[in-house]
Each structure stands twice: as C-alpha cells, then as structure tokens.
Amino acid sequence: MNSKILKHLRQDKLPHIWCPGCAHGIVLRSLLEAIDNTGLNTSKTVIVAGIGCASRASGYLDFDTVHTVHGRAIPYATGIKLANPELKVIVITGDGDATAIGGNHLIHGIRRNIDITTVIFNNNVYGMTSGQYSPTTPSGAWAATSPYGHLDRPFDICELAIGAGATYVARGTAYHQTQLTKLIEKGIKHNGFAVIDALSTCPTYFGRKNKRGTAADMITWFKENTITVKANSVNDINQNKDDNSKMKIGEFRNINDVPEFTNEYQKLITQVMKGE
Amino acid sequence: MKDIELIQGNEACVEAALKAGIDFYAGYPISPSTEITELFAQKLIPLGKKFIQMEDEIASMAAIIGASLTGKKVMTATSGPGFTLMQENIGFAAATETPCVVINVQRAGPSTGLPTTPAQGDMMQARWGSHGDYSIIALVPYSVRECFDLTVRAFNLAEKYRTPVIVLMDEIIGHMRENVKLPDTVNVVNRAKPVETPDDHIQYKNTEDLVPPMATLGTGYKFHVTGLTHDEQGFPTSNPTTIEKFITRINEKIHANYDDIVDVQEHDTEDSEYLFFCYGSAARSCYKAYKLAREQGIKVGIMRPRTIWPFPKKHLQGLKHSSIKKIIVPELNRGQIVREVEASVTGIEVIPVNKYNGELFTPQELLDVLKGVR
Chain L
0 MNSKILKHLR
10 QDKLPHIWCP
20 GCAHGIVLRS
30 LLEAIDNTGL
40 NTSKTVIVAG
50 IGCASRASGY
60 LDFDTVHTVH
70 GRAIPYATGI
80 KLANPELKVI
90 VITGDGDATA
100 IGGNHLIHGI
110 RRNIDITTVI
120 FNNNVYGMTS
130 GQYSPTTPSG
140 AWAATSPYGH
150 LDRPFDICEL
160 AIGAGATYVA
170 RGTAYHQTQL
180 TKLIEKGIKH
190 NGFAVIDALS
200 TCPTYFGRKN
210 KRGTAADMIT
220 WFKENTITVK
230 ANSVNDINQN
240 KDDNSKMKIG
250 EFRNINDVPE
260 FTNEYQKLIT
270 QVMKGE
Chain D
0 MKDIELIQGN
10 EACVEAALKA
20 GIDFYAGYPI
30 SPSTEITELF
40 AQKLIPLGKK
50 FIQMEDEIAS
60 MAAIIGASLT
70 GKKVMTATSG
80 PGFTLMQENI
90 GFAAATETPC
100 VVINVQRAGP
110 STGLPTTPAQ
120 GDMMQARWGS
130 HGDYSIIALV
140 PYSVRECFDL
150 TVRAFNLAEK
160 YRTPVIVLMD
170 EIIGHMRENV
180 KLPDTVNVVN
190 RAKPVETPDD
200 HIQYKNTEDL
210 VPPMATLGTG
220 YKFHVTGLTH
230 DEQGFPTSNP
240 TTIEKFITRI
250 NEKIHANYDD
260 IVDVQEHDTE
270 DSEYLFFCYG
280 SAARSCYKAY
290 KLAREQGIKV
300 GIMRPRTIWP
310 FPKKHLQGLK
320 HSSIKKIIVP
330 ELNRGQIVRE
340 VEASVTGIEV
350 IPVNKYNGEL
360 FTPQELLDVL
370 KGVR
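These protein sequences, in sequence, are chains L and D.
Using numbering that gives the first Met the number 0, read the first sequence as starting at 0 and increasing by one per residue.
Using numbering that gives the first Met the number 0, read the second sequence as starting at 0 and increasing by one per residue.
To be clear, the hints were calculated from the coordinates, so they are not data collected in a lab.
Everything numeric in this text was worked out from a predicted model, so none of it was measured.
Among the hints, a few may not be true.
Stated by the list, open to error - Okay, the calculated bits of chain D under chain L, using three or more residues with CB under 8 Å as the criterion:
#: 1; stretch: 20 to 33
#: 2; stretch: 47 to 53
#: 3; stretch: 57 to 64
#: 4; stretch: 86 to 94
#: 5; stretch: 214 to 220
#: 6; stretch: 224 to 235
Note that CB positions come from ideal geometry on N, CA and C, so glycine has one too.
Generate coordinates for the entire structure from the input sequences, incorporating the hints supplied.
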C-alpha cells in the first residue's frame, strides 16, 4: 500500500467493512493523499462523519475522528470549527447522509461559508441499509424502496451547492483518482466551505440490481460518461456545443472573495471587545 | 452588578452559565426559552466567547457537542418541541460521555401545545427521551435564585460526570421575576483531563470512579468518538462482555453517585402526617398551602427535589418510619413523577393532583385537596 496513505490509517482497525468492489476505498485514498500533499498537521485535523458506509471510514483514520449521528456531521463540525478555529475540519459523508437527512445542514454550512471541507462519497444509494434510494439515485433506477422503478428526480449535488452559494465546488470520480486527489487538495486549501462530490460505486446494492456489470465496469463507466469542465468549455467555444450527454467533472467554482465565517467571527469579537 | 436585582428565571440561567464558565452556546429560538438565546447573543461576544443561532434544534445540540469535544463548556436552551428534536443527540452525548447543559423551559404539549403557558410535561421525556439504556441528570429549580444556582450546578455536574445535564424549568419559573442577590463568585468544576501520553491514554477507561479523564480534539490524542457501542478505546465493539461493561458504567457513574448528585429540600417531614412532594412552579403553590395549613394546625410537610433524575428514591424511602400517612403530588401534567413516588414508598397512600389546562395551581386549591384527603 502507498506509504502516503498507510501512515494515516489506524492499521489495527483494518480490514474495513466495505464490500468487495466498492469504490469508497479509492475515494478514501484520494482524501488521504490530498491530506498528505497539503501537509496538514495531523494532530490539528479533525475528521467528522455522519452515518453510512462512507462515514464508517472515520474509524480507520489516524486523526481525531468523530463519528456522529445520521445526517448531522456538518453541525457537529460547525461546533468544532467555531469553538476552535485552529483546527482543520474535514467532513466525510455519503449522498444520503449529506443531502437527504442532512440536506438542511449542508445548505446552511454552505451559507455560512465556514471553513469545512466536505467530501461526499456519492454512490447513488443507501448502502449501509442495503440499497434504498437516495436523493442522487437516478430516475428510473431500481432500489429496494423503488421496486417498480424510481420516480424522484435526483439532486445534482454540485448545482445544489452552487445554488446555495458555495465558494468551492468540485466533482471527481473513482475512475479519475489522481484528479480527485487534486480536487480534494484544493478543497482543503480553500478557506471556506468546500464541497467535493466524489462519485463512487456500490456494486452490491446499486450496480447488481441495475445491471451495471462488474465492479470494474461500474468504475469504467465514469470514463465513458463524464467530461471535464475544461474539455466541455473547449467544445463550447469551438463547436458551440454543451455536451449534455455526459456528466461534468472538475472544478465548478473556486472563489475567494466571500468572507470565511470563523475569521469574520474573530473580527467581530475584536471589534466588540474594543467597544467599536 | 447591583446588590439586589429584579430579574427573570431565564436571565438568571444566563448569568449562572457565565459565572460557571460557559464558552460556547448554540441555540434555536423557541418560546418560552427565547430570552436565554437572545441574552447569550448579547453577552458572549463581548467576552470573546462564541454564540451561534443554528438552523434548528438538532443542529444546535450537535454544535454544542462538537464544541464540548474541543474542551469547551457548552450549553443550549429550548422548550418541549425543540427538546424532542434534540433527543437523538442527547443520547449521543450520553453515549460518548460529552459534558453539556440543556435547559428546557417546559411548555404544554403534546406537539406545539401551548407556547407560553406553564406545564411540567417533559419530566419523563428528560429521563427517557432518547433510545436505549442510559441515565441522565436533571435538575428542577423553583425560584429565580435556584435557576441561577442549579444552572451553575448543571455545568459542574456535567463536567464532573462527563454527561449531559438537563435543567427542567417551566414557563412560570422561566418568565417569573424576583428580587435576587446573585453571588459574585461560584464554585467551578472542570472536567478531568488525561495526564498520560496519547499512547497510554484510554478515552473510555473503566476507571474506579467510573468517570474516565477526557482528551480534547486537537491536542494530539487522536482519539475516536462514536455513538456506536464502543470499547474502552472508543472503537465499535460487538463483544457482549465489553458492551455490558460499557452500558453498566455509563449508567452506574450516575447511580453510584446518588448522594453527591441528588439534592432534596425537606420541611417538617419528621412530625408530619401529610407531605407535599412537589417541584418547580407547583412547589411554589405548595409552600403557601403548607404555611396556611400549618397555621390551621394541620401537620403537613414538604419534600421538594432539586434533582429529579436520578429520582430521589432513597430520600422517600427514608420516610418509612415516619408519621406520614399520605403524600400529595401536585403536577402540571397528568401524572408523571407521581408514578416514581408510588414506586418508592410502601404503606403510604400517594395522591396525585393534576392540572393540565394551561393554568398554575393556586395555594387555596392545594389546601382544599389537603383538607379533602384528611
């Protein structure tokens, strides 16, 4: 195993609980490489997780780790970051955790622009409870709770985040692992609320039921069906064509002119204490 | 501060928290607790401390637990519906042994109920609101001064026992104004921190006093916190022995310390034939009824718990050989604490007196009840 990630794992807590073929391990690898590349002080980094397959990773990571309740990782992280702004706070969560039960907290974390990096392991399904639909399950797909085909329209997490005013938004996939590392790295360096929609796979409960082939086929699917924001904009200029047939990946937004919440809070404290 | 001030119960709570060393408050406005949230918004920032209005009560409870894990003293305040929303996270705080204070200024229910009328309908919710086997500490003030004293005590007990502590007021107690003289300084307890190195530290150790020292996020201990049933190191377990030890310890650290935690006021319990067992605003009416009854030669006493959970069972059992024949339990609900009283005594008749129409007890009606049962 790569030495960059090995040193950040609580090796005595392995093996992990993920199913064979699950791409969460690839996303986790990207996260740990990103942490390592940015040279974060691992004693001052707190990983906060909700509930679900992705969130269980908190137990394997050699940091201060807080595995909270379903959907509420962001408010826990908000308390931690606001109480001690010196800490780097990273939230790991799944699509159901972050956008269904935790949807309200996601948009309010974004609204505050508090310096929290949120990596959403998005496999379009509830894996931990064995395959019920999530807010990112595609219309028409099969899930344990949509046995006749799924009716809801799915969220595009990145568009949701941009709509709520997020200052850093990116999407990567388990196929494009190196790029995903870079996107998470930039999210960690970003001083504000960063959302990284990390497309993962669930061969056991989503792929199998939706005839998506093998675990490898599912990951390769990302190669065939995505286009980078950059390539798409080149298309747009040369051929005046937005490629809507493919899912866009890459960095959607990275703006630095929105004040970060805990910085502003400290300024307010200083101002009020001076009696201004 | 002036020597004597006319202040509200809710205000006294805020003053107490400041004296007890609160660092962080997160809350969501709900009547009749709103003044607490508003006052913290006003008072914490000038002290360089943190206040945040979260998007809901669930987030408020989550935020204070997160802040507490960074070593801060934390609190939130709410009322019935908000308290219900907080329950899952209160359970998390109990399971992860994270100190925090929750003020519940009770209003009538069920559901949205009666927003600004008094009730004592959350007595059982405070004890059993979250799922699973855990124990809780809950305190019940009956005056503005006690709102102050018991809020300070709530912080100290939370720190001492690594547990959520709930202060159960009711709308009358929260909104009532009284002249009080608050102390300049209070006794402050801080949570025990590990003395050993990170490698040697065990975050949930089965220590003899049942309360393990608590490491803080960002101090190099690299510990794991989870709401899953965990071993001494804090990691999920499915080992039956480990599970049982853990559940036993988080309950026993409260029950084994009954004498330290349970605080009960008694008046004339030795020679009385009748006893009012009462708390919160109902106790205020009882005191007046008790005085009137004594003037008329009726031998009545008062037992008024200031700690309601753990329930003051031993204090009631202490009455066994006394002259008391009947215990009257007035409550602004359909009878919650009366069941605990019934379960604690034998050979004494227990009489519930219940009011749930949004009004408080008058001393006269309690005096009439007393005369009626003689």
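(request) Check, residue by residue, whether the stretch 224 to 235 of chain D contains three or more positions whose beta-carbon lies closer than 8 Å to a beta-carbon of chain L, and give the verdict. (result) holds (count 6)
(request) State whether the coverage of the stretch 57 to 64 of chain D by chain L holds or is violated, taking the criterion as 3 or more residues with Cβ-Cβ distances under 8 Å. (result) holds (count 7)
(request) Please count how many residues of the stretch 86 to 94 of chain D have a CB within 8 Å of a CB from chain L and say whether that reaches 3. (result) holds (count 3)
(request) Count the residues of the stretch 20 to 33 of chain D whose CB lies closer than 8 Å to any CB of chain L, then report whether that count reaches three. (result) holds (count 3)
(message) Cut-off 8 Å, C-beta pairs, minimum 3 residues; does the coverage of the stretch 214 to 220 of chain D by chain L stand?
(response) holds (count 5)
(message) For the stretch 47 to 53 of chain D, count the residues whose Cβ lies under 8 Å from any Cβ of chain L; is that count three or more?
(response) holds (count 4)
Consistency note: the structure conflicts with none of the earlier hints.
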